[in-house]
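**Student:** With the hints as your guide, set chain B onto chain L.
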Amino acid sequence: NAGVMQNPRHLVRRRGQEARLRCSPMKGHSHVYWYRQLPEEGLKFMVYLQKENIIDESGMPKERFSAEFPKEGPSILRIQQVVRGDSAAYFCASSPGRVNQPQHFGDGTRLSIL
Amino acid sequence: DQQVKQNSPSLSVQEGRISILNCDYTNSMFDYFLWYKKYPAEGPTFLISISSIKDKNEDGRFTVFLNKSAKHLSLHIVPSQPGDSAVYFCAASGDNFNKFYFGSGTKLNVKP
Numbered sequence: 317n318a319g320v321m322q323n324p325r326h327l328v329r330r331r332g333q334e335a336r337l338r339c340s341p342m343k344g345h346s347h348v349y350w351y352r353q354l355p356e357e358g359l360k361f362m363v364y365l366q367k368e369n370i371i372d373e374s375g376m377p378k379e380r381f382s383a384e385f386p387k388e389g390p391s392i393l394r395i396q397q398v399v400r401g402d403s404a405a406y407f408c409a410s411s412p413g414r415v416n417q418p419q420h421f422g423d424g425t426r427l428s429i430l
Numbered sequence: 011d012q013q014v015k016q017n018s019p020s021l022s023v024q025e026g027r028i029s030i031l032n033c034d035y036t037n038s039m040f041d042y043f044l045w046y047k048k049y050p051a052e053g054p055t056f057l058i059s060i061s062s063i064k065d066k067n068e069d070g071r072f073t074v075f076l077n078k079s080a081k082h083l084s085l086h087i088v089p090s091q092p093g094d095s096a097v098y099f100c101a102a103s104g105d106n107f108n109k110f111y112f113g114s115g116t117k118l119n120v121k122p
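Keeping their order, the protein sequence lines are chains L and B. Following our numbering, the numbering of the first sequence begins with 317 at its first residue and continues without gaps. Following our numbering, the numbering of the second sequence begins with 11 at its first residue and continues without gaps.
Be a bit skeptical, because a hint or two may be false.
Result set (BS3-like, lysine-lysine): computed pairs, CA atoms no more than 27 Å apart in a straight line [to be verified]: (1) K15(B) <-> K343(L); (2) K367(L) <-> K81(B); (3) K15(B) <-> K360(L); (4) K343(L) <-> K81(B); (5) K378(L) <-> K15(B).
So the derived label-pair ranges between C-beta atoms look like this [stated by the list, open to error]: (6) Q13(B) <-> P412(L): 31 to 39 Å; (7) E334(L) <-> S84(B): 38 to 46 Å; (8) E368(L) <-> E68(B): 28 to 36 Å.
Think of the hints as simulated: they come from the structure by calculation, not from any bench. Glycine included, each C-beta is placed from N, C-alpha and C at the ideal position.
Next comes chain B alone, as it looks inside the complex:
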């Protein structure tokens, strides 16, 4: 039972434009959400998180938006850079704050 879903396996964006990665979840008990970036042959790297008391969190070029009523979160990268090309995983926790549920990932390709 996939509680966190990333329905787009891949996304291609031109350098300088906005990248929008989406994630949906089913468990209304989730209250902490995260995005990780993963390069080939490396482990996932924590990027940004948001708790359910907020609907937006920003860190430099990265902004995460949370829509609790729709059970949807998104990651915006502006402006996109070729170095952002990686696989992005969203994750969520809440019913047991020590257990995290991961989506299947979206492969972002930023074209120069």
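Looking at chain L on its own, in the form it has when it is part of the complex:
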């Protein structure tokens, strides 16, 4: 399966712990995007990365959230000191970075904070 792979599919954390969400883009895609979907809401853009670079993080909270896309390995979205309000579905998408090419999404990580 050459699709976008996210893991884990479900993640449970207690308040104050760290959450790490992983995303492997489709083969040949060098652009990764993270979105958050709260219950009964749409997709909210968080951050856009290329290999080793953050291109746009305008949708990501300034504190506790960080993202990376290293030269080797998956993209990581890290949430430190999680709070109940971080409970959501987090989706990763990738694209080849060419004009008029769609993003393709993974099946998401559902983060639950106890």
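**Tutor:** Frame of chain L; chain B shown alone:
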């Protein structure tokens, strides 16, 4: 600032009839538009797209119409099937072709 808007949170249609989902945008720099379908507990799946040089694009039962002067696009599904029941998101890009703006989604229910 919501640059892509889907004003109907839900739509209910009888099987076999036409489903019309609407989307409005505000940024005149947008030149590429997409529709995604999302089932519960799955990621959005790319459905169909259209570039601004066209006003219509068709793929099987799905047709997307673009009205640039009105900054409006729509997705027509004919005939609608129960399996089409899902949340549909429209998206747009253009000023930075690598950044996509998504609407809030319309939940379509196709009744058998």
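**Student:** Run every hint past the structure and note whether it holds.
**Tutor:** Hint check results:
1. K15(B) <-> K343(L): 32 Å, violated
2. K367(L) <-> K81(B): Given pair K367(L), K81(B) is violated - Cα atoms ~34 Å apart, limit 27 Å.
3. K15(B) <-> K360(L): With a Cα-Cα distance of about 13 Å, the restraint between K15(B) and K360(L) holds, given a limit of 27 Å.
4. K343(L) <-> K81(B): 34 Å, violated
5. K378(L) <-> K15(B): 26 Å, holds
6. Q13(B) <-> P412(L): 31 to 39 Å: 23 Å, violated
7. E334(L) <-> S84(B): 38 to 46 Å: 43 Å, holds
8. E368(L) <-> E68(B): 28 to 36 Å: Violated - the Cβ-Cβ distance for E368(L) and E68(B), about 40 Å, lies outside 28 to 36 Å.
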